[in-house]
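Top to bottom, those sequences are chains A and B.
All the letters of the first sequence, read from the start, carry residue numbers 1 to 184 under this note's numbering.
All the letters of the second sequence, read from the start, carry residue numbers 1 to 299 under this note's numbering.
Read the hints as simulated data drawn from the structure, not as lab findings.
The beta carbon of each residue, even a glycine, is placed where N, CA and C say it ideally should be.
Be a bit skeptical, because a hint or two may be false.
[Stated by the list, open to error] Below, computed lysine-lysine pairings styled on DSBU-like, alpha-carbon distance capped at 35 angstroms:
(1) Lys117/B with Lys228/B
(2) Lys227/B with Lys117/B
(3) Lys227/B with Lys110/B
(4) Lys178/A with Lys13/B
(5) Lys14/B with Lys110/B
(6) Lys178/A with Lys14/B
[To be verified] Have a look at the derived ranges for each label pair, beta carbon to beta carbon:
(7) Ser8/A with Gly86/B: 51 to 61 angstroms
(8) Ala178/B with Gly126/A: 17 to 27 angstroms
(9) Glu93/B with Leu119/A: 39 to 49 angstroms
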Amino acid sequence: MEQLNPQSRRDPYGSRINRSQFAPLVYGLPWLTVLLGSLTPWLPIIAPAPVLPPFGFLLMLAWRLLRPGLLPPWAGLPLGLFDDLYSGQPLGSGVLLFSLALIIIELIEIRFPWRNFWLDWLTAAGIVVPYLIIAALLSGAEPTLVQLRVIAPQLLLSILLFPIIARVVAMFDRFRLKRVLRTD
Amino acid sequence: MAPPAHRRSGVNKKAQLGVFTGYVVAGAGALFGAALLTISLLAPETFSGLRAMASDAAAPAGVVGAKGRTEGQGIFEAIGGYYRAGSRNARLEEEVRVARVRLAEAEALKQENARLKAVLGLADEESRPVATARLIGSTSSSARRLGYISAGRNDGVRPGMPVTSPMGLVGRVLEAGAESSRVLLLTDSESMVPVRRSTDNVVAFAEGRSDGSLRLRLVNLGINPIKKNDVFVTSGAGGMFRPGVAVAIATEITRDGAIAQLLSNPAATDLVVVEPIWQPEAVEALAAPPPQPDAAPAG
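Just chain A, same shape as in the assembly:
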């Protein structure tokens, strides 16, 4: 059989003979990448104004939209809590906003079960814009007009960066499902 078609015993994730997917990787990688995304404040960039997009939140959206059902609807609680510890927001704003985002995506999914990339991008943009505005209002600082103007570049960057983040997440997804040597 292999002489006729060398790919016959393989799928996109590797050989299927004596190889299987690695469960901690399959279920753990999405969580790990979102947590790493939440650690952006530790990047050696000292920003005088909020410029970087909320990577943890965007990664969570991308995973959720790429693989519905992989992150449970309650994933916003632990992920948001971790994000709050480092983001500088008052504790709880991430828990609330991450959870709400996941619930809203559930509702959108019921309305549009079959989605394409453009709808995903639109969904992500429609969620990340209110997320950033509400996060700025809840940040504990006095909400002023200047503050809302300051986050405009960040809004734009977050929307434009989503396709790239979605591609990176797709790359992680292929890595996640790689078949490795079976040990049992």
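Got chain A sorted already, so can you dock chain B onto it with the hints?
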């Protein structure tokens, strides 16, 4: 992408319950977040211990990153720097020539200052720094402007202490963990520093605008005496910051003050110095509740 199979629970009672429980837990999570948020907005200090522990855990990675950071580079400046290297080099050489002259003048002034102080019999009240630390990160995606430094309670850092760099004031310590601390940067909209003009006694408050600039509000309203390029230094009012530390330079005149640019851009700062609170008694007196009228001695 196809809808996921898990939601098509059909008539399977157990699967239906599983999906339903997921929604309930998600909703409860959101409510829990709202409750936490209310607590932390009403009492911002409630969870500081939790945050301090978390930042202690992540600090070593931040220190490694900060060591690799070269001077004076934000993300975009780092990329743009390559395109302007030639012209910038020429300009910098010119500036260095000017600066050498200024430095010599400053040395002379310093000596004269020391001589005059000696004449007046004033003690040189140079404050000894508490700790030297690296600025290892900042909340670059939140609307709040907080930084992280690599020194904490073990080094003697306490909340309220001013953080300075050779270029000027950076901010003050907000929460101190064991090995790392959170710093309220000057540009945060909750930060307010009493300043005065370096040349005379025009006093103002410098408020952060969270976009990298400061807003100077004059204390004495009337005719606005501030001119462009006036340098402002800390005035020492309130007792927290030692007077005479450079803060900002006015760039735009407004009706009640000016918009000023930070002199010590945190993006260009690597090593910072944590200084003791200048007049701890004054700060404590301000923080303490006013004495009860009953307690005052009668007559």
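Hints not upheld, ascending by number: 5, 8, 9
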